Amino acid sequence: MGILDFLKRKPEPSAGVAKERLRIIVAQERSTRGGPDYLPLLRNELLEVIRKYVNVDVEAVNINLERDSGHEVLELSVALPDGKPASA
Amino acid sequence: MTEIIVVTSGKGGVGKTTTSASLATGLAIDGKKVAVIDFDVGLRNLDLIMGCERRVVYDFVNVVHGEATLKQALIKDKRHETLYVLAASQTRDKDALTQEGVEKVLNELTAEGFDFVVCDSPAGIEKGAHLAMYFADHAVVVVNPEVSSVRDSDRILGLLSSKTRRAEKGEAPIKQHLLLTRYNPNRVEAGEMLSVKDVEEILGISVVGVIPESENVLAASNAGVPVILDENSNAGQAYKDTVARILGNERPLRFLEPVKKGFLKRVFGG
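Each protein sequence line maps, in turn, to chains A and B.
Everything in the first sequence is counted per the UniProt record's numbering, starting at 1 for the first residue and increasing by one.
Everything in the second sequence is counted per the UniProt record's numbering, starting at 1 for the first residue and increasing by one.
The hints are simulated quantities; they were obtained by calculation from the structure and are not laboratory data.
As the structure is a prediction and not an experimental result, all values here were calculated from the model.
Just so you know, nobody snuck in bad clues.
Computed cross-link-like contacts, DSS-like style, restricted to lysine-lysine with a CA-CA straight-line distance of at most 27 Å:
hint, chain 1, residue 1, chain 2, residue 2
1, B, 197, A, 19
2, A, 19, B, 11
3, B, 175, B, 240
4, B, 104, B, 76
5, B, 11, B, 94
6, B, 260, A, 19
7, B, 260, B, 240
8, B, 104, B, 127
9, B, 175, A, 19
10, B, 104, B, 163
11, B, 11, B, 197
12, B, 104, B, 33
Distance windows between CB atoms, simulated:
hint, chain 1, residue 1, chain 2, residue 2, range
13, B, 219, A, 76, 50 to 58 Å
14, B, 191, A, 68, 39 to 47 Å
15, B, 258, A, 56, 40 to 48 Å
16, A, 53, B, 42, 50 to 58 Å
17, A, 82, B, 258, 39 to 47 Å
18, A, 66, B, 263, 55 to 63 Å
We put the CB at the ideal spot given by N, CA and C, even for glycine.
Bound conformation, chain A alone (with noise of 0.2 Å):
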C-alpha cells in the first residue's frame, strides 16, 4: 500500500460478504433441487400464514425435500424470533 493510499477511504473486503451469501443461497437451492416447482410458492404462502400470527423473516422459514428409499420427507423448520411468545 502505497503513502498516499491513506488518504483513500478504503472499501471493506467483500469477498467474505460473498462466499457467506453463496453458501446459504447454494446449500438452499441444492435442497429443493429436483422437487416439484411448486415448493418456492409454498414456501411463501406458509410464511404469510405464519406471519399472521408471528413477525418471523422470510429466511427464518426452511423448506427442505429428503428423499429416502422409496417416500418423500418435506421438512419445514421455522426460527421463532427471540423474546415475546406469540401472542394471538
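Use these hints to put chain B onto chain A, whose structure you have.
Quick look at chain B alone, frame taken from chain A:
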C-alpha cells in the same frame, strides 16, 4: 472411442467460447483428432474466435437437416491438421436442432474416427444448452469468481447429474471439471474477489484449472487465434496446463500468486 466434452456455464460471458476454442486446439496439438461444435444457434461466434469466420459455407443445422454432408460442413483449421470446426447456424428458428439430429451428427463424427468432440454450449438452460450437454462424457463448467456465475454453475452441475443421457440411462456419471476463469490474484489477496478455495468449497468440487484474467485473451479473440497458442501469456499457459490435466496428466496450478507492484507504484499507489 470418441469422447464428447461439453463446455458449459449457465451464465453468459464467462469464457465458454474462449475455453472451447483453446481446449479443442490444445487437444489437437496433442495429436488428437478433434471437432469443435458451436451449439449457439442464432448467435454464431466460435468461428470468429477460431479465426475461420470467412470460410463458413455450411453449418450444423444444414447437416442436421441433410442440406449438406458433414464433410462439407466441417471447416478444417488452418493451423492444425486434425482440428475441425462446425459452425452454428444463424437461423432464428429455435427448434432447428433436435435431439435426434444432434445424435446423428455425433454418431457420424464417431464413425469418422474423431477422438474428441467439444460442444460449445450457449448460455442459459434452454434447449441449446440442454442439447449441448445431453450426450457428453465430460463437462467443463466455466465459472468466474463472482456471485451470479458461481450460483449458475451450481445449477448447471445439478443438471449435468440429472438431465443427461448418462444420468437417464443410469450409466457412470459425466466427469465434471470446474474451470475458474478471469481470476485476479491481486484482488483475491485484497479480499475483493472469491478465491479458488472459496469457489471449491461453495460448489463442493475442485478445479481442473485456473485461468488468470489477462489482456492477452482479448488480443487473441481480436486476432481470431485461440489464446492457448499465445505461449507468452499466462492465460495461454494456464489453458495448456488445463488441457494436460483433462488428458489425465498432473500439472501444478500456476499464476495464483499476486503480481508484486514495483517500488514507485508501491509508494504512489496506482
